[in-house]
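Each protein sequence line maps, in turn, to chains A and B. Residue numbers for the first sequence follow my numbering, so the first one is 28 and each next one is one higher. Residue numbers for the second sequence follow my numbering, so the first one is 6 and each next one is one higher.
There may be inaccurate statements among the hints.
[What the hints assert, rightly or not] So, partial list: chain A residues that the calculated Cβ filter (under 10 Å) puts toward chain B:
#, residue
1, Tyr94
2, Val98
3, Arg102
4, Gln107
5, Leu138
6, Gly144
7, Phe235
8, Gln302
Since the hints were derived computationally from the structure, they do not count as laboratory data. Small disclaimer: the values here were computed from a predicted structure and weren't measured. All C-beta atoms, glycine included, are put in the ideal place defined by N, C-alpha and C.
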Amino acid sequence: MPLEQSTEKFDMVLIKGMKFFDPHVHMTSRTTDDYQAMADAGIVALIEPSFWLGQPRTGVDSFKDYYSSLVGWERFRSSQFGIKHYCTIGLNSREANNEALAEQVMEMLPLFIYKDGVVGIGEIGFDDQTAAEEKYYRLQLDLAKESGLPVQIHTPHRDKKRGTQRSMDIAIEHGLDPHMVIVDHNNEETVKEVLDRGFWAAFTIYPFTKMGNQRMVEITKQYGPERIMVNSAADWGISDPMAVPKTAALMKLNGISLADIELVTYRNAITAFAQSGQIDEADFITAIDQSAKFEGNSILRGGQQPRINKSSIIIS
Amino acid sequence: MYNAEELKAIFSDVIKDNITMEAWVWLSADNNIINNTAFNTAFVMIPRKTGKAIITVTQRQQELLASIRPGFAIDYWTADRLSRVWLLIKYDSTDKDRYFRVIENLFSTAEMNEQVALYSALPVLPYPPLWAKRCMEGIRSNIGTVLEAIMYNNPYPAENLEEGAWNQMVLKAFFTEKQVDKLYGLDNRANKELARILIDYAKERYAAGREVNRMLWYLVEKFVTQEQLNNMKQGHFYGNELLT
Chain A
28 MPLEQSTEKF
38 DMVLIKGMKF
48 FDPHVHMTSR
58 TTDDYQAMAD
68 AGIVALIEPS
78 FWLGQPRTGV
88 DSFKDYYSSL
98 VGWERFRSSQ
108 FGIKHYCTIG
118 LNSREANNEA
128 LAEQVMEMLP
138 LFIYKDGVVG
148 IGEIGFDDQT
158 AAEEKYYRLQ
168 LDLAKESGLP
178 VQIHTPHRDK
188 KRGTQRSMDI
198 AIEHGLDPHM
208 VIVDHNNEET
218 VKEVLDRGFW
228 AAFTIYPFTK
238 MGNQRMVEIT
248 KQYGPERIMV
258 NSAADWGISD
268 PMAVPKTAAL
278 MKLNGISLAD
288 IELVTYRNAI
298 TAFAQSGQID
308 EADFITAIDQ
318 SAKFEGNSIL
328 RGGQQPRINK
338 SSIIIS
Chain B
6 MYNAEELKAI
16 FSDVIKDNIT
26 MEAWVWLSAD
36 NNIINNTAFN
46 TAFVMIPRKT
56 GKAIITVTQR
66 QQELLASIRP
76 GFAIDYWTAD
86 RLSRVWLLIK
96 YDSTDKDRYF
106 RVIENLFSTA
116 EMNEQVALYS
126 ALPVLPYPPL
136 WAKRCMEGIR
146 SNIGTVLEAI
156 MYNNPYPAEN
166 LEEGAWNQMV
176 LKAFFTEKQV
186 DKLYGLDNRA
196 NKELARILID
206 YAKERYAAGR
216 EVNRMLWYLV
226 EKFVTQEQLN
236 NMKQGHFYGN
246 ELLT
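In isolation and in its complexed conformation, chain B is listed as follows:
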């Protein structure tokens, strides 16, 4: 587990640097977190106050953040996104069931940018195992920015998803032409079943006359010989015996 207080502090530092004083006074007011209605309204209204400009994060802030929560980064986030995530972790979470219901309700009524903020908050929310199903649901989304929020600079999936769900996410990243190298935990969570599925996928792509992302071989190479790998890269595939 990471240090939640340190994380809140660095978040508020970055937010302060990136929004107006007026917006900061509004955002940091305790009024926003006194009850559920105020919290819901504040969450929804954040972009009206903070704007949606892309934030600037200093190198020192980046390094600090990486040391508090490895794998997590906020580069190229917008001001409203970071402010929303900060509000989520500031809200009272002592009652686990209640906190779960409150956050789930935000998910189920979320517009596009709210979804992005919510999914990118997964690695910093309390009670990590609670959100695995929600994360799997997000991976089923067809909205590019939502997928990116789950896939890029987000350590939650690698840390919390069981193998089948993890494999689905990686596969979906290839299918939807994401920058696969931005997925956290690829090395640790490479597995034989994923390699098998990816080889099948590569076969299918070759049969259709389409190219494959070269990153695919990176996830396969641990599980085949160099010769097999070279052959497959040339489009010569094997039967199903390869990985059995």
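Only chain A is shown next, with the shape it has when bound in the complex:
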């Protein structure tokens, strides 16, 4: 059984011709090598949720520059590898605890949430589950409702089950349709209630601290593919931007149907976040096609990155 073989090599042949959508990955923290590997593995589009950068920001302009970079520079960087980049915008739970700053960030959010390619308010929710976190979570739920955008909820690492329940309770209390809410970082303990209550259940395949993909295979077998999606949440920690294609490969080895794999590694995420009106699948490929014919000029428009031979000792 491949499930037992933890050292099994990832064979790209398994996923040849498949395409993937990673609905949660922090590319700002990743290298161009990651982008290239993701494109090679079939990732055609991704969502970068705004989050905490590893250390707290001290001023509102740092937030402004960060949000601007998600819709600006990072989007461009991604396009150079033929990957369509979307993002969700929000005040993350950790930094909601700095209330003076949080107030200023809240004032600025409307400037960003209507921008092209912003597919939701996120990632928001609880970390320590403090009163301040709750306050800004509620305010942002109202903002999501007002703007008609989906919500991407970060569920806490500590006291997870309770935090997940509270997040859903509050979302319902604020009149959000569960179909507009993606509850992220689920595990075996939280998934049942999330699905039963009509929310989307996202799973983060992240070594050591979140889900492993063998466990993900079992969950998909048990619950089926409906309203379930996987992501990498790859960031500045030890994480794996190839988590989605690797999980697809492992699912295939374990007899999950191609149709179900497509749902959990591609289609469901698009269905959920396209409720923003900001995702057009035709854009996934035009990043390259359009450039190729732009004014009959063969130089790619955004400046497609040239490929280099990594195994060569020569750098030219």
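Got chain A sorted already, so can you dock chain B onto it with the hints?
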């Protein structure tokens, strides 16, 4: 200065031809320009209403535009880009400082396509000298489409940048492999210092075994003899005395 009213009229003609009636009704509503919040929101939301298809411009419209604002062209623009530029020039600019702050705020929060629209609007915004610093900032961008918005069919840099900044832009166009012939004002603004920098650059490229864009010699030829030019094209360079 160009005739702003004529420009607005031709813009609205082209926009009407290229978006749905529903989008036009939304875009042209006075509500979008009654205050700063409405203006910011409308600017950001334009692609949701107009779509992002490449516009069709008739030959008559092209000619008219070229006569109103020489050097400026909108061929291959998208509907949202043109609509955004139109909105920018429609907004009340009587208070110069206020208008500057409003536009600068859009720049500082702009996503990629918004940046493209904003930089391509530079040659048609009121108070041309106000935007020179912003234009120089845009030239520092590494985003290809943003650079193209400043460099192609855009008379602003040639008309407003001082020599150092102009030279940086031309040099950056070569470095980033842009279509240098689409830069407006190359002939008028060719200068000896630029020629010197470009010769140095060509030398460096030869030393590294890389080719140079042939357009480079066009900007150098005024400042050297035919013999010197031929020699350099063969890869034989001189010392620094050439242009001193």
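Is the interface hint satisfied for Arg102/A? The criterion is a beta-carbon contact with chain B at less than 10 Å.
With a closest approach of 5 Å, the Arg102/A hint holds.
Using the nearest Cβ pair, does Gln107/A come within less than 10 Å of chain B?
holds (9 Å)
Hey, does the Tyr94/A contact hint survive, CB to chain B under 10 Å?
holds (8 Å)
Should the hint that Leu138/A touches chain B count as held when the rule is a Cβ pair under 10 Å?
holds (5 Å)
Would the stated hint for Val98/A survive a check requiring a Cβ distance to chain B of less than 10 Å?
holds (3 Å)
Just to be careful: measuring from the Cβ of Gly144/A to every Cβ in chain B, is the smallest value less than 10 Å?
Holds. Min distance 7 Å.
Under 10 Å is the threshold here; is the Cβ of Phe235/A close enough to any Cβ of chain B for the hint to stand?
violated (35 Å)
Interface hint check: Gln302/A, Cβ to nearest Cβ on chain B, cutoff 10 Å. Holds or violated?
Cβ of Gln302/A sits 14 Å from chain B, so the hint is violated.
Of the hints listed earlier, those the structure fails to meet are numbers 7, 8, in rising order.
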